[in-house]
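Undergrad: Sequence:
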Amino acid sequence: MPSPFQSLSGAAPDSLERTDLYDALSSERRQIALEHLHSHIGPLSVQDLAAYVASVETGESPPPKDDQRSVHIALHQTHLPKLDQLGLLEYDQDAGVVRPLYTDDVTAYLEVVPDEEFSWGEYYLGLAILALTVQLVGWVSGPAVTFLSAGSVTTALLLLIAGSALYQILTQRRLIRGEKQPHQ
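If you read the sequence shown in UniProt numbering, its first letter stands for residue 1, the second for the next number, and so on.
To be clear, the hints were calculated from the coordinates, so they are not data collected in a lab.
Treat each hint with caution, since some may be false.
As the list claims (entries may be wrong) - For each label pair, taking beta carbons as the anchor points, the in silico distance ranges come out as: (1) K65 - Y123: 37 to 43 Å; (2) G121 - A74: 45 to 51 Å; (3) Q77 - G138: 56 to 62 Å; (4) K65 - W139: 54 to 60 Å.
Every residue gets a Cβ at the ideal spot worked out from N, C-alpha and C, and that includes glycine.
All chains should be modelled from the sequences, with the hints used to inform the complete structure.
TA: The following block contains the structure:
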């Protein structure tokens, strides 16, 4: 089976299997680094990347110097060489610079969700809570909510769920085919 993504140069990384990708993404630190690189245009210094990762991990901006130094060492010695070997980024150790080598397809595995947005799981959970709330209001209020028939509410919720699922499927197919997603 072909690789689920290609590098920006157009060639699929030589030996990257889905299990290798899952292994690479098993580290939250590597996920944070890849997400940041994906949202950043052009090369990024390891120092800046370490500062960002440490900031996310500690919740402090700027992060404490000891935390930033610890993240920098781990990125330099472990995480960046691994991601470079897998073809997910290019790491120039001598220059201390990193740049991503993957397309939007890898983000399908990362599910990059900005802080102010919801993941698909949270969205569907919200729909389920809405449906249960409407059902509960109908039970409690009984005849007081006569302007809403159970059939019309159910139909509206099912149409919303079906439309959402269709949008998600089409978005994921575009990612897998390598089409660019517009960035907000």
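Undergrad: So, for every hint listed, does it hold in this structure?
TA: Now the hints, each set against the structure:
1. Taking 37 to 43 Å as the suggested C-beta distance range, the pair K65 and Y123 conforms, at roughly 39 Å.
2. Restraint check, G121 to A74: a C-beta distance of roughly 29 Å breaks the suggested window 45 to 51 Å.
3. For Q77 paired with G138, a C-beta distance near 59 Å keeps the hint of 56 to 62 Å intact.
4. For the hinted restraint 54 to 60 Å between K65 and W139, the CB-CB distance of approximately 57 Å keeps it satisfied.
When the structure is compared with the earlier hints, a violation turns up for hint 2 alone.
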